[in-house]
Amino acid sequence: MELGIFLFFATVTIIAALMVVIARNPVHSALALMVCLVQVAALFVLLGSPFLAALQIFVYVGAVMVLVLFVIMMLDVREAARVRFLQGALIPGLVTLALLGAQMLLLLISSDRLSFVSTNQAPILKGGGLEQLSKTMFTDYLLPFEVISVILLVALVGAIVLTRSEVK
Amino acid sequence: METLFAISVMVIKMAVVIGVLLALPLPLTWMERKIAAHIQQRLGPMRVGWHGLLQPLADALKLMVKEDHIPEKADRLLFTMAPIIALVPPFVVFVAIPFGDTVTIFGTPVTLYLTDMNVALLFILGVAGIEVVGLILAGWASNSKYALLGSLRTCAQLISYEIPMGFAVIGVIMLAGSMSLVDIVNAQSGWWNIVYQPVGFFVFFVAALAEAQRIPFDLPEAEGDLGAGFHTEYSGMRFAFFMISEYIIMVLMSVLMVILFFGGWHASLIPLPGSLIFLLKVCFLIWVFMWFRFTFPRYRYDQLMSIGWKVLLPLSLANILISGMFFA
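Line order of the protein sequences matches chains A and B.
The first sequence begins at 1 in this note's numbering and counts up one residue at a time.
The second sequence begins at 169 in this note's numbering and counts up one residue at a time.
Just to be clear, a hint being listed does not mean it is correct.
Residues of chain B clear of chain A, computed beta-carbon distances all greater than 10 Å [stated by the list, open to error]:
1. 180
2. 201
3. 230
4. 278
5. 300
6. 444
7. 456
8. 477
9. 483
To give an idea of the interface, some chain A residues facing chain B are shown, with a C-beta separation under 8 Å as derived from the structure [unchecked claim]:
10. 51
11. 54
12. 73
13. 75
Keep in mind that the hints were calculated from the coordinates and are not lab data.
Every residue, glycine too, gets a C-beta built ideally from N, C-alpha and C.
Just chain A, with the same shape it has in the complex:
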């Protein structure tokens, strides 16, 4: 039962992800990306973390994708649909794809945490609750968490500097 549900969600995720790349019209791509993100949220529920799923929908579908649509609507979509993505850049594109794929595979094979989960059938977070998640984030993963916060802050300041007019 659970395997069937997982396979269903996974298939839809992959088809939607492919649609993001294949669709000519940017708005169709954005919609496909939204479907993909909702499916990933469903996978989080299957993995026993409803909090992450709700957050995924709240942040990515509710805010980020609406912003993406906002930007797309400012563009001349008919023009964008006519232009081919990656003009004559097939070989660099394929090389990048192969590199990324190899990296991903390496990560999957060599990660202890993943093999721990897949062999012991035990989740990293016991219970998967909100409390466990925050405790893990603020004790074991404090440094990465703080680094990400600083990077986000830098991006925020950068965006404000870029959009400010030159008038002094």
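Once you've looked at the hints, dock chain B against the given chain A.
Leaving out everything else, chain B in the frame of chain A:
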């Protein structure tokens, strides 16, 4: 037998929720027109039925038999999908909403809610946000100037007001120590949250007006400058879908305010069944929404943005800080 009973109770509950929600826009349109009329010293609908009570049915019939027109240059796929994307999320949200405490029917305890999620509040805010996508796609797919402008305004408005709304509820979550709506209501059996969180309530209420796209924040469909905004090109049942979704969002916002700030089904002074009290409170807030519509003028677009970012956001952040110092 046990599981069969549980499943049938679940199915009945779902059917009741969906049926009530589908039928609700009918009395609400009548109420809105009557309130408008009496505020403006008119009579409102009087012809169809007693005091125009059957007017909504006549309107529904009209919408059903009306021609369903799709503009020639529209994106047909998205144009037909958009009303459905706008209609489904408001219904889905009610899965997580409690309408009352546990009651006993034929000797078995039955809960007056579908599920009690431990992330209910986040789920509701997130799924309600998907509804917006339908409105945005509708405006874009119509391939019309007014509809596109309406869509752009929807995007900017909804992003600006979703953030203060999310922050405004954090104080309530701190007080209850849980995101489950049942826990939040039970934490208010003494004083209601509005006593401790007046600023949080103010921010939430203003943001709810904007989320439901009611006057004074109905810029996406400002009839004075945009025709009808994002649904300019829609007619017949597809238009009705947007109407229904808008009314259900208004009901949802009222229900949320009752649960978060007005003590849900608790009322220590009035000896009435909990669910009835809940219903009365929700009706009162819906009435406030309608009363506002005919009392306030519409804000300008730049005013809307500065209210969202320069007033509501700092207020909600200060509210989190102060609640954190005193309650957590």
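Each hint tested on the structure:
No beta-carbon of chain A is positioned within 10 Å of the beta-carbon of residue 180 of chain B; the least distance is around 24 Å. With a least CB separation of 32 Å from chain A, residue 201 of chain B remains clear of the 10 Å interface cut-off, as annotated. Every CB of chain A is more than 10 Å from the CB of residue 230 of chain B (nearest about 32 Å), matching its label as outside the interface. With a cut of 10 Å on Cβ distances, residue 278 of chain B stays outside the contact zone with chain A, its closest approach being about 24 Å.
For residue 300 of chain B, the shortest C-beta to C-beta distance to chain A comes to about 6 Å, within the 10 Å cut-off, and the non-interface label is violated. Once the 10 Å rule is applied to beta carbons, residue 444 of chain B is consistent with being away from chain A; the minimum gap is 31 Å. Residue-level check passed: residue 456 of chain B sits 26 Å from the nearest beta carbon of chain A, beyond 10 Å. Every beta carbon of chain A lies more than 10 Å from that of residue 477 of chain B, the smallest distance being close to 13 Å; the non-interface claim holds.
The claim that residue 483 of chain B is not at the interface with chain A holds, since no C-beta of that chain comes within 10 Å of its own (minimum 20 Å). With 8 Å as the threshold, the beta carbon of residue 51 of chain A comes within range of chain B, its nearest partner Cβ sitting at about 5 Å, so the hint holds. The interface hint given for residue 54 of chain A is met, as the beta carbon of that residue sits about 4 Å from the closest beta carbon of chain B, less than 8 Å. Residue-level restraint check for residue 73 of chain A holds (minimum Cβ-Cβ distance to chain B is 6 Å; threshold 8 Å).
At a threshold of 8 Å, the smallest CB-CB gap from residue 75 of chain A to chain B is about 11 Å, leaving the interface hint violated.
In summary, the structure is inconsistent with hints 5 and 13 from the numbered list given earlier, while agreeing with the others.
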